[in-house]
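Use the sequences and the hints to build the structure in full.
In order, the protein sequences belong to chains A and B.
Under our numbering, read the first sequence as residues 1 to 114, first letter to last.
Under our numbering, read the second sequence as residues 115 to 224, first letter to last.
Think of the hints as simulated: they come from the structure by calculation, not from any bench.
Among the hints, a few may not be true.
[Said to hold, decoys possible] Listed next, the in silico BS3-like pairs over lysine-lysine satisfying Cα-Cα at most 25 angstroms (straight line):
no.: 1; chain 1: A; residue 1: 52; chain 2: B; residue 2: 209
no.: 2; chain 1: A; residue 1: 109; chain 2: B; residue 2: 123
no.: 3; chain 1: A; residue 1: 106; chain 2: B; residue 2: 209
no.: 4; chain 1: A; residue 1: 68; chain 2: A; residue 2: 113
no.: 5; chain 1: A; residue 1: 52; chain 2: A; residue 2: 113
no.: 6; chain 1: A; residue 1: 60; chain 2: B; residue 2: 209
no.: 7; chain 1: A; residue 1: 106; chain 2: B; residue 2: 123
no.: 8; chain 1: A; residue 1: 109; chain 2: A; residue 2: 77
no.: 9; chain 1: A; residue 1: 56; chain 2: B; residue 2: 123
no.: 10; chain 1: A; residue 1: 106; chain 2: A; residue 2: 52
no.: 11; chain 1: A; residue 1: 68; chain 2: A; residue 2: 52
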Amino acid sequence: GDSVTQMEGPVTLSEEAFLTINCTYTATGYPSLFWYVQYPGEGLQLLLKATKADDKGSNKGFEATYRKETTSFHLEKGSVQVSDSAVYFCALRPLGGSQGNLIFGKGTKLSVKP
Amino acid sequence: NAGVTQTPKFQVLKTGQSMTLQCAQDMNHEYMSWYRQDPGMGLRLIHYSVGAGITDQGEVPNGYNVSRSTTEDFPLRLLSAAPSQTSVYFCASSKGDRQYFGPGTRLTVT
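Next up, the structure:
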């Protein structure tokens, strides 16, 4: 079945460092891909998405590019801030799947220190 | 708009007790879902609904029941709580490709 694999955490960075969180997927066809963020004590929020190959999703300085050749959707940010400390989830919606049916990775906890 | 609301925020149950986790949304979304979040496991889909009167099972449905009598409400029922159901539960509603999550219910079963 479809699945998402993302890098194990936790990831600890200093403020203004470059961030990469790796995400790869296994799926039939070309699923829609997402990054969600969960701040402490809150529910998940959509950070960015891409719905077809070579699409780049971006939001709040974060970017991810849908790479069908490598079945990847890595999350990047050029300069992280303390306020970016959160858990980041990569997810996919299977091709033809219901809107209410996402498959999530296990999450990567990011801690940014001043 | 309140978005997606969940009650209660915290709950402690004894093994064998039953309870209902409430979820409501005021965005008129057809799609609603329940997930559980466990350390190192990410989010796993319990049940979902594509509209009033229609529900389906997700990845981990055992021990849980749902119903969808209105567009707004999607309660999750634990029939006989077990320690393995200790988790954080999130309800979500969907519009297009975007899911909107509630703040979660932290459930402990002793």
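Hint check results:
{"no.": "1", "hint": "52/A / 209/B", "result": "holds (18 angstroms)"}
{"no.": "2", "hint": "109/A / 123/B", "result": "holds (23 angstroms)"}
{"no.": "3", "hint": "106/A / 209/B", "result": "holds (24 angstroms)"}
{"no.": "4", "hint": "68/A / 113/A", "result": "violated (34 angstroms)"}
{"no.": "5", "hint": "52/A / 113/A", "result": "violated (35 angstroms)"}
{"no.": "6", "hint": "60/A / 209/B", "result": "holds (21 angstroms)"}
{"no.": "7", "hint": "106/A / 123/B", "result": "holds (23 angstroms)"}
{"no.": "8", "hint": "109/A / 77/A", "result": "holds (15 angstroms)"}
{"no.": "9", "hint": "56/A / 123/B", "result": "violated (36 angstroms)"}
{"no.": "10", "hint": "106/A / 52/A", "result": "holds (23 angstroms)"}
{"no.": "11", "hint": "68/A / 52/A", "result": "holds (9 angstroms)"}
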